[in-house]
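Engineer: Whenever a hint applies, use it, and build me the whole structure from the sequences.
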Amino acid sequence: EPEVTQTPSHQVTQMGQEVILRCVPISNHLYFYWYRQILGQKVEFLVSFYNNEISEKSEIFDDQFSVERPDGSNFTLKIRSTKLEDSAMYFCASSESASFYNEQFFGPGTRLTVL
Amino acid sequence: LAKTTQPISMDSYEGQEVNITCSHNNIATNDYITWYQQFPSQGPRFIIQGYKTKVTNEVASLFIPADRKSSTLSLPRVSLSDTAVYYCLVVTGGGNKLTFGTGTQLKVEL
Numbered sequence: 205e206p207e208v209t210q211t212p213s214h215q216v217t218q219m220g221q222e223v224i225l226r227c228v229p230i231s232n233h234l235y236f237y238w239y240r241q242i243l244g245q246k247v248e249f250l251v252s253f254y255n256n257e258i259s260e261k262s263e264i265f266d267d268q269f270s271v272e273r274p275d276g277s278n279f280t281l282k283i284r285s286t287k288l289e290d291s292a293m294y295f296c297a298s299s300e301s302a303s304f305y306n307e308q309f310f311g312p313g314t315r316l317t318v319l
Numbered sequence: 337l338a339k340t341t342q343p344i345s346m347d348s349y350e351g352q353e354v355n356i357t358c359s360h361n362n363i364a365t366n367d368y369i370t371w372y373q374q375f376p377s378q379g380p381r382f383i384i385q386g387y388k389t390k391v392t393n394e395v396a397s398l399f400i401p402a403d404r405k406s407s408t409l410s411l412p413r414v415s416l417s418d419t420a421v422y423y424c425l426v427v428t429g430g431g432n433k434l435t436f437g438t439g440t441q442l443k444v445e446l
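Taken in sequence, the protein lines are chains A and B. 319 is the number that the working numbering gives the last residue of the first sequence; the numbers go up by one with no jumps. 446 is the number that the working numbering gives the last residue of the second sequence; the numbers go up by one with no jumps.
Rather than coming from a laboratory, the hints here were simulated on the basis of the structure. Cβ coordinates follow ideal geometry from the N, Cα and C atoms, glycine included. Check each hint, because a few of them may be wrong.
What the hints assert, rightly or not - According to the in silico footprint, chain A covers these stretches of chain B (three or more CB under 8 Å from chain A):
1) 369-378
2) 389-395
Stated by the list, open to error - Below, a list of computed lysine-lysine pairs in the DSS-like style, where the Cα atoms sit at most 25 Å apart:
3) A:K261 <-> B:K339
4) A:K287 <-> A:K246
5) B:K339 <-> A:K246
Unchecked claim - Calculated Cβ distances over 12 Å to all of chain A for the following chain B residues:
6) A338
7) M346
8) V354
9) T357
10) F399
11) P401
12) D403
13) S406
14) T408
15) S410
16) P412
17) S415
18) L416
19) V444
Structural biologist: This is the structure we're talking about:
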């Protein structure tokens, strides 16, 4: 069964450093998303991406965040200058189409720890 | 976007049927009801989606009354491995963000 993969599984960084979280969505999917989940809290939407551009972003997704699809398979989330409060699980997801059947497939997540 | 309300937690025993009810009073005509499951330290996983009446798949059933202001996820004969958080979401079309609430923590015991 096809699945979304994410690397690394765990990233530790110092405050102020840049991090790039990587995702490989399911190959025939067209819509890509990033969500995050701070420990013990809700899963929060960050950004959605379609046709090589951001289609929607949340208030969390400020200028410190950016997304990119550098090639035909990878989808990345960059945090330019990490803060302590960026520590969370980051989930990438993808979905096939814009039909009403909006099943999003989530990856296993990257645990980001900012020290 | 319609707000959803579901119980914070539920307890059950192996082999029992579990029904988790969600209310979504302000659901719009174009909205679908979707349920996701999440295990600790894993990404959410789609369980089932429906618009009205009853939908069944190999994992669960979803019951939606005619007014669509609530829905019930039914898990037949749960096992320990069904211990997870279950989220009820209202979604509008494809390609759109998912808005997660706090979900229902289901604990299944022997």
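Engineer: Work down the list of hints and note, for each, if the structure agrees.
Structural biologist: A quick look at each hint next to the structure:
1. 369-378: Coverage by chain A holds here, the residue count being 4 at a Cβ distance below 8 Å.
2. 389-395: violated (count 0)
3. A:K261 <-> B:K339: Given pair K261 of chain A, K339 of chain B holds - Cα atoms ~19 Å apart, limit 25 Å.
4. A:K287 <-> A:K246: holds (19 Å)
5. B:K339 <-> A:K246: holds (14 Å)
6. A338: Since the minimum Cβ distance to chain A is about 15 Å, A338 of chain B lies beyond 12 Å and the statement holds.
7. M346: holds (18 Å)
8. V354: Per Cβ check, V354 of chain B is outside 12 Å of chain A; nearest 22 Å; holds.
9. T357: The assertion about T357 of chain B holds, with a minimum of 20 Å to chain A.
10. F399: Answer for F399 of chain B: holds, closest chain A Cβ roughly 19 Å.
11. P401: Consistent with the label, P401 of chain B stays out of reach of chain A, its closest Cβ about 20 Å off (over 12 Å).
12. D403: Given that every Cβ of chain A is farther than 12 Å from that of D403 of chain B, nearest at about 20 Å, it holds.
13. S406: It holds; S406 of chain B is separated from chain A by about 20 Å at its closest Cβ, greater than 12 Å.
14. T408: holds (20 Å)
15. S410: About 19 Å separates S410 of chain B from the closest Cβ of chain A, which puts it past 12 Å; holds.
16. P412: holds (21 Å)
17. S415: holds (21 Å)
18. L416: holds (21 Å)
19. V444: holds (21 Å)
Checked against the numbered hints given earlier, this structure breaks only hint 2.
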